[in-house]
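J.: Each residue of the sequence shown is one higher than the one before, counting from 128 in the working numbering.
Derived by calculation from the structure, the hints in this document are not laboratory data. Because the structure is a prediction, the values reported are computed rather than measured. Note that the Cβ used here is the ideal one computed from N, Cα and C, for glycine as well. The reader is advised that the hints may include incorrect statements.
[Stated by the list, open to error] Derived CB-CB ranges, DEER-like:
1. R176 to L133: 15 to 21 angstroms
2. K135 to D185: 16 to 22 angstroms
3. L129 to A159: 14 to 20 angstroms
4. G175 to A151: 19 to 25 angstroms
5. I148 to E182: 30 to 36 angstroms
6. G147 to A193: 35 to 41 angstroms
7. A193 to V152: 27 to 33 angstroms
8. H154 to L133: 17 to 23 angstroms
9. A189 to Q134: 22 to 28 angstroms
10. G147 to A189: 32 to 38 angstroms
11. E180 to G147: 31 to 37 angstroms
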Amino acid sequence: MLEINLQKVVHVVFLAREAGIGAAVLHDFIDALNVDEKAQLTAIAWVGRGAFEPEDFDDALATATADGLPSVRMVL
Numbered sequence: 128m129l130e131i132n133l134q135k136v137v138h139v140v141f142l143a144r145e146a147g148i149g150a151a152v153l154h155d156f157i158d159a160l161n162v163d164e165k166a167q168l169t170a171i172a173w174v175g176r177g178a179f180e181p182e183d184f185d186d187a188l189a190t191a192t193a194d195g196l197p198s199v200r201m202v203l
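Please construct the entire structure, taking both the sequences and the accompanying hints into account.
T.: Here it is as structure tokens:
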């Protein structure tokens, strides 16, 4: 189950796709997220890219947490 606010996920997607907004704005927004939100965002990205199946979201989240939280910027 997602613990991150869906508005934050939508905002990240918007910032990532909006060509007129610089990457720095996206990076600043991600940097302001707490550790749990960054882990959730990483897991969502992995599921979206097919690294994990949707039903394995909990495993993706555990991996994001266990890996010392890889850079969300790099994942996105």
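J.: Would you mind marking each hint as holding or not holding in the structure?
T.: Against the structure, the hints:
1. R176 to L133: 15 to 21 angstroms: 19 angstroms, holds
2. K135 to D185: 16 to 22 angstroms: 20 angstroms, holds
3. L129 to A159: 14 to 20 angstroms: Holds, since L129 and A159 (Cβ atoms, about 18 angstroms apart) stay within the stated range.
4. G175 to A151: 19 to 25 angstroms: At roughly 23 angstroms between Cβ atoms, A151 and G175 fall inside 19 to 25 angstroms, so the hint holds.
5. I148 to E182: 30 to 36 angstroms: For E182 against I148, whose Cβ atoms are near 33 angstroms apart, the range 30 to 36 angstroms holds.
6. G147 to A193: 35 to 41 angstroms: With Cβ atoms ~37 angstroms apart, the hint holds.
7. A193 to V152: 27 to 33 angstroms: 30 angstroms, holds
8. H154 to L133: 17 to 23 angstroms: 21 angstroms, holds
9. A189 to Q134: 22 to 28 angstroms: 25 angstroms, holds
10. G147 to A189: 32 to 38 angstroms: Since the Cβ atoms of G147 and A189 sit about 37 angstroms apart, the hinted range of 32 to 38 angstroms holds.
11. E180 to G147: 31 to 37 angstroms: 34 angstroms, holds
Going through the hint list in order, the structure satisfies each hint without exception.
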